[in-house]
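Using the sequences and the accompanying hints, generate a full structural model.
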Amino acid sequence: MSLIQEAPGARLHAKPPAGIKPPASAAQRPALAWAEFDNPAAWAVAVILLIMPLIANGFFLIEIFGTTLILGIIALSLMFLAGYGGMVSLMQLTIAGFAGYMVAVLGMSGSANISLGWPWWLATPVALALATAFGTLGGALAVRTEGIYTIMITLAIGAAFYYFTNQNWAIFNGHTGINTVATPHFWGVDWRSDIPFYYVILGTAALCYFAVLYLSRAPFGLALQGVRDNPRRMAALGFNVNAHRVAAYAFASFVAALAGVLQVWNYRQISPGSVAVERCIDILIIAVVGGITRPVGPFIGAFIFVMLRTFALDFLVHVGLDGNRFRLLIGVGFLVIVFWSSDGVIGLWERWRRRATKPEMRPGGGHGHG
Amino acid sequence: MSRFIERHPAWALIVLIAVALLLWLVFAVWPPGLEEAIGRKKVFLNAVFNGITLGGLYFLVASGFTLIFGLMRNVNLAHGSLYLFGGYVGYAISSWTGSWILSFIVAFIAVALVGIILQLVVFRRMEGQDLRQTMVTIGLSIVFADLMLWAFGGDFYQIQTPHWLIGPIELPFVTALKSSGEAVYLQYPLVRLVIFAASVVIGVVMWLALNRTRVGMIVRAGVDDRDILAATGVRIQIVFVAIFALGAGLAGIAGVVGGTFQSISPGEDTRFLLASLVVVIVGGMGSIPGAALGAVIIGLAEQLGSVYIPTYAIVVTFLIMVLVLALRPQGLLARR
Numbered sequence: 160m161s162l163i164q165e166a167p168g169a170r171l172h173a174k175p176p177a178g179i180k181p182p183a184s185a186a187q188r189p190a191l192a193w194a195e196f197d198n199p200a201a202w203a204v205a206v207i208l209l210i211m212p213l214i215a216n217g218f219f220l221i222e223i224f225g226t227t228l229i230l231g232i233i234a235l236s237l238m239f240l241a242g243y244g245g246m247v248s249l250m251q252l253t254i255a256g257f258a259g260y261m262v263a264v265l266g267m268s269g270s271a272n273i274s275l276g277w278p279w280w281l282a283t284p285v286a287l288a289l290a291t292a293f294g295t296l297g298g299a300l301a302v303r304t305e306g307i308y309t310i311m312i313t314l315a316i317g318a319a320f321y322y323f324t325n326q327n328w329a330i331f332n333g334h335t336g337i338n339t340v341a342t343p344h345f346w347g348v349d350w351r352s353d354i355p356f357y358y359v360i361l362g363t364a365a366l367c368y369f370a371v372l373y374l375s376r377a378p379f380g381l382a383l384q385g386v387r388d389n390p391r392r393m394a395a396l397g398f399n400v401n402a403h404r405v406a407a408y409a410f411a412s413f414v415a416a417l418a419g420v421l422q423v424w425n426y427r428q429i430s431p432g433s434v435a436v437e438r439c440i441d442i443l444i445i446a447v448v449g450g451i452t453r454p455v456g457p458f459i460g461a462f463i464f465v466m467l468r469t470f471a472l473d474f475l476v477h478v479g480l481d482g483n484r485f486r487l488l489i490g491v492g493f494l495v496i497v498f499w500s501s502d503g504v505i506g507l508w509e510r511w512r513r514r515a516t517k518p519e520m521r522p523g524g525g526h527g528h529g
Numbered sequence: 006m007s008r009f010i011e012r013h014p015a016w017a018l019i020v021l022i023a024v025a026l027l028l029w030l031v032f033a034v035w036p037p038g039l040e041e042a043i044g045r046k047k048v049f050l051n052a053v054f055n056g057i058t059l060g061g062l063y064f065l066v067a068s069g070f071t072l073i074f075g076l077m078r079n080v081n082l083a084h085g086s087l088y089l090f091g092g093y094v095g096y097a098i099s100s101w102t103g104s105w106i107l108s109f110i111v112a113f114i115a116v117a118l119v120g121i122i123l124q125l126v127v128f129r130r131m132e133g134q135d136l137r138q139t140m141v142t143i144g145l146s147i148v149f150a151d152l153m154l155w156a157f158g159g160d161f162y163q164i165q166t167p168h169w170l171i172g173p174i175e176l177p178f179v180t181a182l183k184s185s186g187e188a189v190y191l192q193y194p195l196v197r198l199v200i201f202a203a204s205v206v207i208g209v210v211m212w213l214a215l216n217r218t219r220v221g222m223i224v225r226a227g228v229d230d231r232d233i234l235a236a237t238g239v240r241i242q243i244v245f246v247a248i249f250a251l252g253a254g255l256a257g258i259a260g261v262v263g264g265t266f267q268s269i270s271p272g273e274d275t276r277f278l279l280a281s282l283v284v285v286i287v288g289g290m291g292s293i294p295g296a297a298l299g300a301v302i303i304g305l306a307e308q309l310g311s312v313y314i315p316t317y318a319i320v321v322t323f324l325i326m327v328l329v330l331a332l333r334p335q336g337l338l339a340r341r
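In the order they appear, the protein sequences are chains A and B. Residue numbers for the first sequence follow this note's numbering, so the first one is 160 and each next one is one higher. Residue numbers for the second sequence follow this note's numbering, so the first one is 6 and each next one is one higher.
Calculated directly from the structure, the hints in this document are not laboratory data. Be aware that one or more of the hints could be misleading.
[Unchecked claim] The calculated label-pair distances, taken between Cβ atoms and stated as ranges, are:
(1) Asp-160/B x Ala-200/A: 48 to 58 Å
(2) Thr-469/A x Leu-27/B: 46 to 56 Å
(3) Ile-10/B x Leu-281/A: 46 to 56 Å
(4) Leu-275/A x Leu-332/B: 51 to 61 Å
(5) Ala-236/B x Glu-305/A: 48 to 58 Å
(6) Val-206/A x Gln-242/B: 52 to 62 Å
(7) Val-206/A x Ile-243/B: 52 to 62 Å
(8) Phe-369/A x Ile-110/B: 55 to 65 Å
(9) Ala-394/A x Gln-242/B: 48 to 58 Å
Because the structure is a prediction, the values reported are computed rather than measured. Using N, Cα and C, we set each Cβ at its ideal position, and we do this for glycine too.
What follows is the structure in structure tokens.
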């Protein structure tokens with residue numbers, strides 16, 4: 160049912176804190192848990208991200224890195240559900256899109272007959288709350304069945320939402336969608352201008368990333384991983400299995416909703432095309448390609464995806480192929496990853512590193528992944 | 006059936022009243038008050054017939070989906086692509102040879118071959134890894150969609166209805182009374198009725214094959230417990246390949262039907278994937294009668310919804326799914 164089934168070996172190694180370890184290791188866990196802080200590469204990435212506005216111009220800043228981070232946040236919410244909860248939800252983008260639509264409907268936009276014209280500080284929290292409620296309800300539906308069915312139900316929810324936005328003119332303005340959505344403007348700063356907006360995105364992404372990292376080690380996250388590994392045993396131990404799953408959906412929905420708000424501010428418009436089924440599946444691709452065992456995976460996947468989406472056309476034309484075959488490239492790349500690595504790019508990297516370090520230092524090689 | 010009535014008398018009563026009401030609405034001449042309230046009877050009858058015939062089409066798509074899922078635990082999210090591929094093949098054949106019947110046969114064989122290749126080359130290698138198989142089908146659906154877009158472009162294609170099926174026929178359902186007291190009967194396209202009849206026949210044959218033959222017994226045993234079935238010496242790989250071929254071939258036939266009823270274009274794959282997902286969730290996963298019931302319910306809901314509440318039609322379909330999940334998560338006719 161859960162991901163465990165697909166690659167038992169890989170998973171058991173990848174998840175040391177999944178309640179399998181004896182309590183003795185609890186003392187050393189903090190050191191292990193925040194191991195990324197000892198990692199110079201992580202610091203380098205953080206510094207580069209912080210000084211990015213000095214390096215990159217406006218196009219790269221928002222179109223590449225901003226979009227990467229936004230898609231990464233949505234994929235992170237899927238990673239949280241799939242990696243720690245064993246529930247592959249295809250409706251994360253739908254939740255994000257719902258939040259975006261709510262911002263556009265409640266706030267100010269070019270479609271004056273639809274938008275209610277609330278100020279951003281009121282519209283945004285309400286949109287977040289509504290989207291979280293929407294995602295939680297969807298999750299409550301999805302947990303009524305198990306494992307592989309989750310994918311079907313969440314895909315059905317996502318597709319139904321897409322067709323609904325297409326059909327409905329009263330709230331969602333049909334297939335035109337809602338254009339020129341207002342963005343926040345206060346303290347004398349236009350928060351949608353490139354540099355402030357980049358930092359807003361970066362801040363949100365960092366917040367979500369560390370929240371997921373923290374939650375994965377908090378009692379709730381550990382219980383969730385227990386539920387993923389063996390729901391029956393957890394139920395016997397007195398944990399309410401379904402409540403944990405629904406709570407996981409609620410948290411993931413909130414994360415996805417945050418990204419949805421950023422998304423609508425980024426493009427300043429939203430239409431059914433932004434919540435289409437292919438977009439939902441893109442999120443799954445991003446998460447799977449990046450790797451769904453660690454919170455950093457979705458961001459790596461999103462970076463690869465955005466780079467491909469932006470430059471595949473030029474690249475394909477350059478090597479003499481039809482530039483419109485971008486999705487073919489994405490699809491084949493996804494198939495390759497699914498075939499050869501159950502843990503995405505991170506898994507490939509880990510495997511490569513392990514093979515490289517194997518001869519010298521086998522016993523202690525790699526923290527948590529030995 | 007009688008056990009259902011014994012166990013849930015209240016539900017049985019509600020279902021009975023609903024069916025009686027529906028029958029009355031279909032057969033009776035509507036009193037003027039009712040016509041004023043919800044519109045003309047002709048519109049209603051047309052919606053009901055469209056819904057039921059659309060249900061026939063949904064059944065063709067969903068039955069293959071549910072068979073593959075039931076036996077192999079493979080949520081084949083590329084099923085919509087198989088449908089679309091069948092439609093394109095059918096269009097190519099029918100415009101090339103002019104034969105509508107031949108396009109069905111070729112579409113069935115071509116799509117079944119794709120199914121066989123998929124099962125042999127791809128899914129066999131990752132048996133028992135449900136989630137990974139599903140992911141692979143997602144990747145395949147993207148690749149197929151793009152390949153078909155490449156080959157056929159973004160145009161709409163419609164398969165030519167053969168001339169002996171063109172035109173409406175009169176059905177013995179009174180839609181209204183003329184002022185002279187003469188009854189006006191419903192006119193309905195013949196081709197839709199023929200296709201619906203064909204899908205009923207296919208459904209009945211499948212049901213008989215599953216319940217009355219040795220092969221069907223093997224398949225049913227496989228749905229229940231494929232490991233034990235394999236342990237009893239059945240060559241389960243052959244059964245898998247055969248079922249995958251059948252399921253895919255049915256999707257191909259459905260593609261031709263869809264191309265005749267409506268049209269085929271990129272994006273239809275997603276639409277029919279959604280339809281089969283909802284049908285299978287409502288009817289019960291892995292159950293052929295469930296797929297039939299779900300298909301009729303969803304077809305009716307969609308058509309009646311689009312007539313009476315046009316901008317919220319999809320919500321009706323979705324609410325049915327929610328209701329079923331809330332009350333009977335395993336689906337209406339699933340045995341578990």
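- Query: Within 46 to 56 Å or not, the Cβ separation of Thr-469/A and Leu-27/B?
  - Reply: holds, 54 Å
- Message: Looking only at beta-carbon atoms, does the pair Val-206/A, Ile-243/B fall within the given range of 52 to 62 Å?
- Response: holds, 59 Å
- Message: Range first: 51 to 61 Å. Now tell me if the beta carbons of Leu-275/A and Leu-332/B are that far apart.
- Response: violated, 35 Å
- Okay, Ala-236/B versus Glu-305/A on CB: inside 48 to 58 Å? violated, 25 Å
- Task: With 48 to 58 Å as the target window, see if Asp-160/B and Ala-200/A comply at their CB atoms.
- Result: Distance hint for Asp-160/B, Ala-200/A holds at roughly 50 Å.
- Hint says 48 to 58 Å; check whether the CB-CB distance for Ala-394/A and Gln-242/B agrees. violated, 36 Å
- Item | Whether the CB-CB distance between Ile-10/B and Leu-281/A falls inside 46 to 56 Å | holds, 54 Å
- Given the range 55 to 65 Å, decide if the beta-carbon distance of Phe-369/A to Ile-110/B lies inside it. holds, 60 Å
- Indicate whether the distance between the beta carbons of Val-206/A and Gln-242/B respects the range 52 to 62 Å. holds, 55 Å
In summary, the numbered hints that this structure violates are 4, 5, 9.
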